[in-house]
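Add chain B to chain A, keeping to what the hints say.
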Amino acid sequence: MFLLLPFLLLTTSVQKLVGLDLRIPSSGDLPPELPGAVEDLTVRAEGKTLTVQASVRKSDVGANIGETEARVVEVDPAGEALDLAGLQAALRTFKRLDPERTRVLLIPGDAVPGRDVVLLMDAVRADRDGELFPEVALGGIEAGPAEAPAAPAEEAP
Amino acid sequence: MRRLTRPARKRADFGAAALAPMVDMLTILLVFLLKSWSTDPPVRPDDKTFALPTSTSERPVYTSLELDVTEEAIYLGGVRAAGSRFYVEQDETLIREIYEALQMRAGQPLQVRMDEDAPYELLRKVLFTAQQAGVEDVTVVAASRSSL
Numbered sequence: 001m002f003l004l005l006p007f008l009l010l011t012t013s014v015q016k017l018v019g020l021d022l023r024i025p026s027s028g029d030l031p032p033e034l035p036g037a038v039e040d041l042t043v044r045a046e047g048k049t050l051t052v053q054a055s056v057r058k059s060d061v062g063a064n065i066g067e068t069e070a071r072v073v074e075v076d077p078a079g080e081a082l083d084l085a086g087l088q089a090a091l092r093t094f095k096r097l098d099p100e101r102t103r104v105l106l107i108p109g110d111a112v113p114g115r116d117v118v119l120l121m122d123a124v125r126a127d128r129d130g131e132l133f134p135e136v137a138l139g140g141i142e143a144g145p146a147e148a149p150a151a152p153a154e155e156a157p
Numbered sequence: 001m002r003r004l005t006r007p008a009r010k011r012a013d014f015g016a017a018a019l020a021p022m023v024d025m026l027t028i029l030l031v032f033l034l035k036s037w038s039t040d041p042p043v044r045p046d047d048k049t050f051a052l053p054t055s056t057s058e059r060p061v062y063t064s065l066e067l068d069v070t071e072e073a074i075y076l077g078g079v080r081a082a083g084s085r086f087y088v089e090q091d092e093t094l095i096r097e098i099y100e101a102l103q104m105r106a107g108q109p110l111q112v113r114m115d116e117d118a119p120y121e122l123l124r125k126v127l128f129t130a131q132q133a134g135v136e137d138v139t140v141v142a143a144s145r146s147s148l
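Order-wise, the sequence lines are chains A and B. Position 88, counted from 1, in the first sequence is what my numbering calls 88; the numbers after and before it change by one each time, with no gaps. Position 83, counted from 1, in the second sequence is what my numbering calls 83; the numbers after and before it change by one each time, with no gaps.
Treat the hints as calculated values from the structure; they're not laboratory data. Here a beta-carbon is modelled for each residue, glycine too, at the ideal position from N, C-alpha and C. A couple of the hints might just be wrong.
Quick list of simulated restraints, FRET-style, between CB atoms [unchecked claim]:
{"id": "1", "chain 1": "B", "residue 1": "V88", "chain 2": "A", "residue 2": "D21", "range": "21 to 27 Å"}
{"id": "2", "chain 1": "A", "residue 1": "E131", "chain 2": "B", "residue 2": "W37", "range": "23 to 29 Å"}
{"id": "3", "chain 1": "A", "residue 1": "R96", "chain 2": "B", "residue 2": "V23", "range": "18 to 24 Å"}
{"id": "4", "chain 1": "B", "residue 1": "P60", "chain 2": "A", "residue 2": "R96", "range": "29 to 35 Å"}
In silico contact screen, one side only, chain A against chain B (beta carbon under 10 Å); selected entries [to be verified]:
{"id": "5", "residue": "L9"}
{"id": "6", "residue": "R92"}
{"id": "7", "residue": "A111"}
Just chain A, same shape as in the assembly (with noise of 0.2 Å):
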């Protein structure tokens, strides 16, 4: 242990590194999720206001089958901050609905800084009771076939 220690003192870096996986919406290879109960869910970020969007199937008798409906739920910031709790609540409702769901969209505004996107990927993976939707999308990608910027115009001679 007394050998231990110093080794570790002297090696250690005194910032951990993590990463957190990322999956581009529009790249057009995610492979299609399991039917469930809940058939889009979003997570949109503009300041510090989030809005929760869902489709939930209709599971009335008189429904048609695949009709929807949309379910939107607005998070107001919990004084300055990002209120996570009331965002992780919200999304919980969703996963018991469907609790096969794993996947969430997630489109923070421009003006978003990169702190608070970590922090909402963060909170919409797991919550204290567990997990909650552990692949994140991140939107606001224009989708589209990959094109080649234009060459550089010749100079004149």
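Positioned in the frame of chain A, the structure of chain B alone reads:
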């Protein structure tokens, strides 16, 4: 004889009593160090304003091509490739300065190390460029909450 041996026994008792809390303390320190121990090199040590966002994730980061996004510039493999302000102010989504370099490394994993104050707009454009260049495996790097 009893008088001679008694003080020695007291000293031994005192030493044993003091050793136990010290071993406990060192064990706690050892566990803490083992939990937070890492050999990750510092990110952009020359840039004092750069700070990674903090995450609760525990997934380790593997060595791959590094793309740093700061409020001032975008660095690819540690070399400045483009200015950030231009791409924040302009609507252009494709970052041409890194497009070709990423295209040459298509198929390789990419680490995006973003400053915690950099706007999402920059990350969005970087991801779009990576996607267009054929990069599929993208990881956002953050600092662990268990960092020292």
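Against the structure, the hints:
In this structure, V88 (chain B) and D21 (chain A) meet the distance hint of 21 to 27 Å, their C-beta atoms being roughly 26 Å apart. For E131 (chain A) and W37 (chain B), the Cβ-Cβ distance of about 27 Å falls inside the hinted range of 23 to 29 Å, so the restraint holds. Judged by the Cβ atoms, the range 18 to 24 Å given for R96 (chain A) and V23 (chain B) is violated: they are separated by roughly 48 Å. Taken as a hint, the range 29 to 35 Å holds for the pair P60 (chain B) and R96 (chain A), whose Cβ atoms sit roughly 32 Å apart.
The criterion of a C-beta within 10 Å of any C-beta in chain B is met by L9 (chain A), whose closest approach is roughly 7 Å, and the hint holds. About 17 Å separates the beta-carbon of R92 (chain A) from the nearest beta-carbon of chain B, more than 10 Å, and the hint is not met. A cut of 10 Å between beta carbons decides the hint on A111 (chain A): the least distance to chain B is about 5 Å, and the hint holds.
Going through the hint list in order, the structure does not satisfy hints 3 and 6.
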